[in-house]
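Mind docking these for me? Both chains are given alone in their own frames, and the hints should help you get the complex.
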Amino acid sequence: MNTAPSDIVPALLAAAGLTVSAEEQARLIAEYPAWRARMDTLYALPEARYESPAPVFGAQPGHTSERP
Amino acid sequence: MRTTIAEAAAALRSGATTAVELLRSRLTAADAHDTDLGVYLSRFDDTAFAAAARADAELATGQDRGPLHGIPFGVKDCIAAEEGTVTAQSTVPGAALRQDAPVVARLRAAGAVLTGKTTMMEFAIGAPDPDAPFPLPRNPWHTAHYTGGSTSGSASGIAAGMFLGGLGTDTAGSIRYPAAACGVTGLKPTFGLVPKSGCIPLGDSHDHVGPLAATAWDCAMILSVIAGSAPDDPSSTGRGFTARAGHRGRPLAGQRIGLTRLPGGNPDVCPELGPALDAAVTELRACGAEVVPVELPWYEELTWVARLGLAAEAFAYHATGLREHWLEYGPGTRMAIVRGSLISAGDFVQLQRVRRAGQRKLAELFTGVDLVVTPTSTHGAPEFRRLCTDGMAETAFTAYWNAVGNPAVSVPMGFTAEGLPLGMQIAGRPFEDAGVLAAADAYQSRTDWHRRSPALSVAAVEESSR
Chain A
1 MNTAPSDIVP ALLAAAGLTV SAEEQARLIA EYPAWRARMD TLYALPEARY ESPAPVFGAQ
61 PGHTSERP
Chain B
1 MRTTIAEAAA ALRSGATTAV ELLRSRLTAA DAHDTDLGVY LSRFDDTAFA AAARADAELA
61 TGQDRGPLHG IPFGVKDCIA AEEGTVTAQS TVPGAALRQD APVVARLRAA GAVLTGKTTM
121 MEFAIGAPDP DAPFPLPRNP WHTAHYTGGS TSGSASGIAA GMFLGGLGTD TAGSIRYPAA
181 ACGVTGLKPT FGLVPKSGCI PLGDSHDHVG PLAATAWDCA MILSVIAGSA PDDPSSTGRG
241 FTARAGHRGR PLAGQRIGLT RLPGGNPDVC PELGPALDAA VTELRACGAE VVPVELPWYE
301 ELTWVARLGL AAEAFAYHAT GLREHWLEYG PGTRMAIVRG SLISAGDFVQ LQRVRRAGQR
361 KLAELFTGVD LVVTPTSTHG APEFRRLCTD GMAETAFTAY WNAVGNPAVS VPMGFTAEGL
421 PLGMQIAGRP FEDAGVLAAA DAYQSRTDWH RRSPALSVAA VEESSR
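Just so you know, the sequences run in chain order A and B.
Take the first sequence: its letters are residues 1 to 68, numbered as in this note's numbering.
Take the second sequence: its letters are residues 1 to 466, numbered as in this note's numbering.
Because the hints were derived from the structure by calculation, they are not lab data.
Keep in mind it's a predicted model, so treat the numbers as computed, not measured.
Each residue gets a CB set at the ideal place from its N, CA and C atoms; glycine is no exception.
Mixed in with the good hints, there may be bad ones.
[As the list claims (entries may be wrong)] Here's a subset of chain A near chain B, in silico, CB distances under 8 Å, partners left out:
#: 1; residue: L12
#: 2; residue: L18
#: 3; residue: T19
#: 4; residue: Y43
#: 5; residue: S52
#: 6; residue: A54
#: 7; residue: P55
One chain only, chain B, in its complex shape (with noise of 0.2 Å):
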């Protein structure tokens, strides 16, 4: 059973584990298994443990930090950290970002125990790459598959348990895909709502820094934290979040959602995907939902604006990059970045155009529905030898969403016959990301996907040597 953020907070303030135990059992289980999964590219023990140590004296002396404190934590590496200087798991010499990002900060200042830097996509874009110096991810249910991108490591952490809590980026679906290929919990917040200022960017107004936890809840915690104006980051709204009691369990009585069994009619999906939707929405119902079916609105236009979009965004931060460092991308980073050369400067404020008139029709459509429910992606993570970039973003239902810039959580909602997690993602209306996480959080509590752990965490190694 894995442990969840909420569980851990309690049992540091019963007295039943200390911050430094905690953090101990984690760090045992990633001793034993990342050299299969390859979740970290960097762990910083020693602050890691200090910090541990801090958090129990605090909570000893009653300076409480809030829920987060003492909790372990993975950060996704084109996230600053003062630890060290970001990677964003590319070998290319890029930005210098030596002082924590705001979300960092925040998280430190809440308590949270800093364990390492996670793997991802390089750059969060491409493929991943055997040949690149820097550990493959793979997937803790089926270290044959990948784990998804570009979020990998701290996707996989949180499954195997070598870590409670996540940050990650999502510019495509690159927070929501990976949870869902590893089981997890992943929210893109409403694009605005969490300063992406100390991160590498990928797609500047596609790019979202967001949670990964066990359960919606705990995403909801973190985004209290992460949440709020940052004065070095224009896409800043001022808003924040608060994570309130009323999320848990809230029944969605009164709610009425819109399903889109398939986005865009994509029939290759795996057999398991429709029956595990049809279990998860009556699920949304016994919560006292109203689920109607819907049609998303320019759903393939809006999906390929992003596709465009990022890439011409993309190859504006990395021309110069390009030019000199040809070779030094990996082979999938730079041919998927290139493809922004080939965007006019036209083409690009059309495409920001078409974004403002999608908005509104979809505006049209959340006039008539709360929430937006479809499955997250077609398939289970893909199988390495497979495995196929474009094809990888052909089967996520995910993109969209960063065109529009609405909230978009990820939730487990079952396994493929190979024993892969499916799931599924639940949108809302702009800044109603407390709506979509408490849809999901009432999802969660009737459901234990998202209690599972592979055979590769820390929960299956407890529950084995009992």
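Just chain A, same shape as in the assembly (with noise of 0.2 Å):
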């Protein structure tokens, strides 16, 4: 598999539908490392691995976690 940015965010653009300029092209694959590290980080970290996640999906609509 090809991890490198140049062939990642073209398919994940495409993947999304979108058709943006070259030059914003360009801009997205010269970040998309760095977004990428930040978010690897954010999986290293021990005290999250088995934490619950934030949200929370009730059964009413309108749900509410807390009511008075």
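This is the structure in structure tokens:
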């Protein structure tokens, strides 16, 4: 699998159905490694590994997690 | 000297002025300065004068709706009001929100006078776009500088005296940053305290609706009106907020305040920031608080959680719009939102996992302190010719609090050598908005930064004519 940003970014944009200019795509490719690295550090936090994600789904429409 | 809501409310009841006179003076200021400042996207003069006249008639017969009765307001244009379709300062077709958002309906029920909708960053993200068919928000302290964003017009309109209270939204600092840049007070309430329904979202789980005004006490009065459950907002907690008279000048004896001088260790700050923060800490100590140094847990991580998470949420909202109207979005807006398409579903869930763990770490910090103080940003408002959106985000110490949901207020704490305002941010435990505002109120009872007015303002014009 090719993991070069110059492959990943155009593929993700295409999968999202987006057509961007060559200049915009080049900018996204350039900044993608830094964004990806930031994201990957968040997987490396041991305290977060088994934590429950923050969004809570409720069965009722307009669900709230706390009622007066 | 800037007029506060509390002072205007007293003047309305003493007969020193009327709601119609108050409104007229503010709209006269808007007529004089709004071409230069770009505060309003749309004005509702006819309905505002009708509301002001109704307020005068009600107050004359003893029907008092509370401290916002007859007070002129500006509302950010991503929050719906029945006077017109919300635009979020974009030409991209969007949700046709025509009914009052709950927060606007609550202001109206409290007798507030809605003067118009205010300028913002397109869809609350990106950068000011001089090529877009909208007014460019300029800082009333120096019009070559930006107001900050995204709640640009509500902040600059209060600074210029065009209205006394404002509503904004805050997803990574969009109330607190422009409040600091324009020298006014702005609160991001606890997540879930104020309903967000009837607003164009940016990042659903990071968005907050909150007040801006001259003072923390004014913000407390606004919050007491707009807080509370809304059945159509899934994040609404059902909690309300009561502005108590005890907020006024309440001493901070027994309060322990954690001070983080430079969250994340960013050394690139303006030279006036350190002395201004030192002076602010001296005042907090004079109010009785013990101030101790603290380090915010996971500052970098949670700041990035907010940036990445709001990008993913914004992309989900705008995906269809971006596919169909790419070039109608402003260049800065579309580039900020499209980054969300590069984040996977798994990444997004991990962001929410880190948020929860981060909340626990922060709760541990708050077992040792009652409040946390930081600067709001590293510099005064940026000059337009040097404006860089990503760089602007780096200068604000605000996004952290959107990741965790705690309340945080920005209050004026001085000026740069160029005469641009600086802000101090005070944050607290979840749902302890009252304590945050009380500390800000105590600080403002000993300082006058929040009373200063720029040259392009009602107060300055009135003083020069005396």
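The hints, checked one at a time:
1. L12: 5 Å, holds
2. L18: Holds: closest Cβ of chain B sits about 6 Å from L18(A), inside 8 Å.
3. T19: 7 Å, holds
4. Y43: Cβ of Y43(A) sits 6 Å from chain B, so the hint holds.
5. S52: Result: holds, 6 Å to nearest chain B Cβ.
6. A54: Holds - the Cβ of A54(A) comes within 8 Å of chain B, reaching about 4 Å at its closest.
7. P55: Holds, about 5 Å.
Checked against the numbered hints above, the structure violates none of them.
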